[in-house]
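These are the residues of each chain, in order.
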Amino acid sequence: MFGFVLRRLAVVIPTFLGITLLAFALIHMIPGDPVLLLVGERNLDPEFYKAAMHRLGLDQPLYLQYWHYLSGLLQGDLGTSIRTHEPVVKEFFTLFPATVELSLAAMLFATPLGLVAGVVAATRRGTVVDHGVMGAALTGYSMPIFWWGLMLIMLFSVHLGWTPVSGRIALEYDIEAKTGFMLIDTLLSDEEGAFLSALHHLVLPAIVLGTIPLAVIARMTRSAMLEVLREDYIRTARAKGLSRLRIIVVHALRNALMPVVTVIGLQVGTLLAGAVLTETIFSWPGVGKWLIDAIGQRDYPSVQGGILLIGTMIILVNLLVDVLYGVINPRIRHAR
Amino acid sequence: MAADIQSGTHQTMTVQDYPSPLREFWQAYRGNRGATIALAYFVVLVVAALLAPLLAPHAPSEQYRDALLAPPVWMEGGSWRFILGTDDAGRDILSRLIYGAQLSLFIGLLSVLMSILPGIVLGLLAAFYPQRLGVAIMRVMDVMMALPSLLLAVAVVAVLGPGLANTILAIAIVCLPASVRLTRAAAMTELNKDYVIASRLAGAGQARLMFNTVLPNCMAPLIVQATLGFSAAILDAAALGFLGLGVQPPSPEWGAMLASSRDYIERAWWVVTMPGLAILITVLALNLMGDGLRDALDPKLKKMG
Numbered sequence: 001m002f003g004f005v006l007r008r009l010a011v012v013i014p015t016f017l018g019i020t021l022l023a024f025a026l027i028h029m030i031p032g033d034p035v036l037l038l039v040g041e042r043n044l045d046p047e048f049y050k051a052a053m054h055r056l057g058l059d060q061p062l063y064l065q066y067w068h069y070l071s072g073l074l075q076g077d078l079g080t081s082i083r084t085h086e087p088v089v090k091e092f093f094t095l096f097p098a099t100v101e102l103s104l105a106a107m108l109f110a111t112p113l114g115l116v117a118g119v120v121a122a123t124r125r126g127t128v129v130d131h132g133v134m135g136a137a138l139t140g141y142s143m144p145i146f147w148w149g150l151m152l153i154m155l156f157s158v159h160l161g162w163t164p165v166s167g168r169i170a171l172e173y174d175i176e177a178k179t180g181f182m183l184i185d186t187l188l189s190d191e192e193g194a195f196l197s198a199l200h201h202l203v204l205p206a207i208v209l210g211t212i213p214l215a216v217i218a219r220m221t222r223s224a225m226l227e228v229l230r231e232d233y234i235r236t237a238r239a240k241g242l243s244r245l246r247i248i249v250v251h252a253l254r255n256a257l258m259p260v261v262t263v264i265g266l267q268v269g270t271l272l273a274g275a276v277l278t279e280t281i282f283s284w285p286g287v288g289k290w291l292i293d294a295i296g297q298r299d300y301p302s303v304q305g306g307i308l309l310i311g312t313m314i315i316l317v318n319l320l321v322d323v324l325y326g327v328i329n330p331r332i333r334h335a336r
Numbered sequence: 337m338a339a340d341i342q343s344g345t346h347q348t349m350t351v352q353d354y355p356s357p358l359r360e361f362w363q364a365y366r367g368n369r370g371a372t373i374a375l376a377y378f379v380v381l382v383v384a385a386l387l388a389p390l391l392a393p394h395a396p397s398e399q400y401r402d403a404l405l406a407p408p409v410w411m412e413g414g415s416w417r418f419i420l421g422t423d424d425a426g427r428d429i430l431s432r433l434i435y436g437a438q439l440s441l442f443i444g445l446l447s448v449l450m451s452i453l454p455g456i457v458l459g460l461l462a463a464f465y466p467q468r469l470g471v472a473i474m475r476v477m478d479v480m481m482a483l484p485s486l487l488l489a490v491a492v493v494a495v496l497g498p499g500l501a502n503t504i505l506a507i508a509i510v511c512l513p514a515s516v517r518l519t520r521a522a523a524m525t526e527l528n529k530d531y532v533i534a535s536r537l538a539g540a541g542q543a544r545l546m547f548n549t550v551l552p553n554c555m556a557p558l559i560v561q562a563t564l565g566f567s568a569a570i571l572d573a574a575a576l577g578f579l580g581l582g583v584q585p586p587s588p589e590w591g592a593m594l595a596s597s598r599d600y601i602e603r604a605w606w607v608v609t610m611p612g613l614a615i616l617i618t619v620l621a622l623n624l625m626g627d628g629l630r631d632a633l634d635p636k637l638k639k640m641g
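The listed protein sequences derive, respectively, from chains A and B.
Quick note on the numbering used here: the first sequence kicks off at 1 and runs consecutively.
Quick note on the numbering used here: the second sequence kicks off at 337 and runs consecutively.
These are calculated hints, taken from the structure and not from any lab test.
In this text, a Cβ means the ideal position worked out from N, Cα and C, and glycines have one as well.
Worth double-checking, as some hints may not be accurate.
Covered stretches of chain A, going by a simulated chain B footprint (3 or more residues, C-beta under 8 angstroms) [as the list claims (entries may be wrong)]:
id, stretch
1, 94–102
2, 138–151
3, 196–202
4, 284–295
5, 309–317
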């Protein structure tokens, strides 16, 4: 097991270094003078310019600059935001819980629904139900989620007035951020109705963000189930006279879950990319919206740090999924 | 011909009686109703894009001050003058969608070409030289795959700046790893087959082996990938446009059209709905075509259903 984890790590480290290189290159490929950009002065006097170059380390050779960047990274230094003059790491991790909360809610919506839809489609293969579910799944998979979000806002917020249009909670509540997760923080606070308000705000963005994972999970569950339902042990179970439900849930679904779990793990990337769009539509104060705002305001240290941190998160979760997969399935652990 | 085969008159069949590969492919493709409808839609879209100046009732940026936010024809107050209504600047939405199809198809086509062609070369190199070069290529691709496509595109555009050319470049870069991996995987399975070994023994050079011997046999998955890449490109381009990082307004790019529409969500649903529908239907059609192509080109996968 230990060797297995080490082997996975050995693959991850070069990828991480690659992402640092990408993030490093990002700021050096921006057209224009980085000093003018970072210091933001138009008519710099040459003395000051030189001092700034030196202070930012830009007068050193590139490999030294990269080395300093890397050693700064390992000490948790990702630079300072131009907009707020706060450390990028601090800004990121203040907003990150909002994105995580949204992503978890999205998966909480997508996973059970996707599993049920996939199982139903597989067990009614070739019927109208199957075609309907698969058609809906392909539509969901093709969905421009930024538009989907607008459609849902139009229906549920504007016409029906069921859900709020934007933000994480109604303005009248002042919730102290203890964990950064609004649902937990509202429960911890003693403000009446705050939890419900937070839940109200979460529903629509979670559905929007969960749509593509839902479609992917449904498709995957269906094909995995179809594969399993052909197996001999299913016929055996049927011959033993087990109930249909028991065969499907206990005998088939359990064995079909493996590829589905992998696909669920792989949704992290989809979620974080989707968060950029979903958070923009719903003014959700997470890292996705923060990143887009940073690009809009040419806050390059934040862009650089944001890309790096989001990339790192994805690598870490994928590593975790890989390792978990090895824990569940010994065949993978021992394969070379 | 097909009837001959079914009625079992094999004995009388000569070699010419076999359906040509193209015909065989078309019959398999046509069996998939969704894919056929999608293809028909796509042909219409391409024709509309090519003939935009003839088909569009108005110029895409012509502003009709007397008809701001005019509703579509079937609604109260709508007229045949603006079939799908007008936007906040009095521009005809249908005309903008037709001209927008030009942009979307252009972006899709160019970024697929710009990712598939280098992807094929890199993938073949990685398959033929698996020792050092292959490892190096695949490592770089792994890094690019680590970031979700939209985020990588956002990063590229953040550096290069928004605009049509940079959108195409960003999406081409984003799609590159998938084509490299696919070409490599397909080429690796071909490499050990007898016909490749035979032509190697016959003295074919590496370049000839790569492009003349192996590549034609890797085309099926690549064609499918090109179709699916096309749909991903259109979707990502629209997302970039929506975020204000892609093609800039007043260009009638579908995503950019949506960017400003949020303000009219309460008053003019058609401004919000139409461009998104165009994106959804086009992406859906390309995905259906991709499924149909895969089934028709690779009968092995079809059985999996």
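So, going through the hints one by one against the coordinates:
no., hint, verdict
1, 94–102, "violated (count 0)"
2, 138–151, "holds (count 11)"
3, 196–202, "violated (count 0)"
4, 284–295, "holds (count 3)"
5, 309–317, "holds (count 4)"
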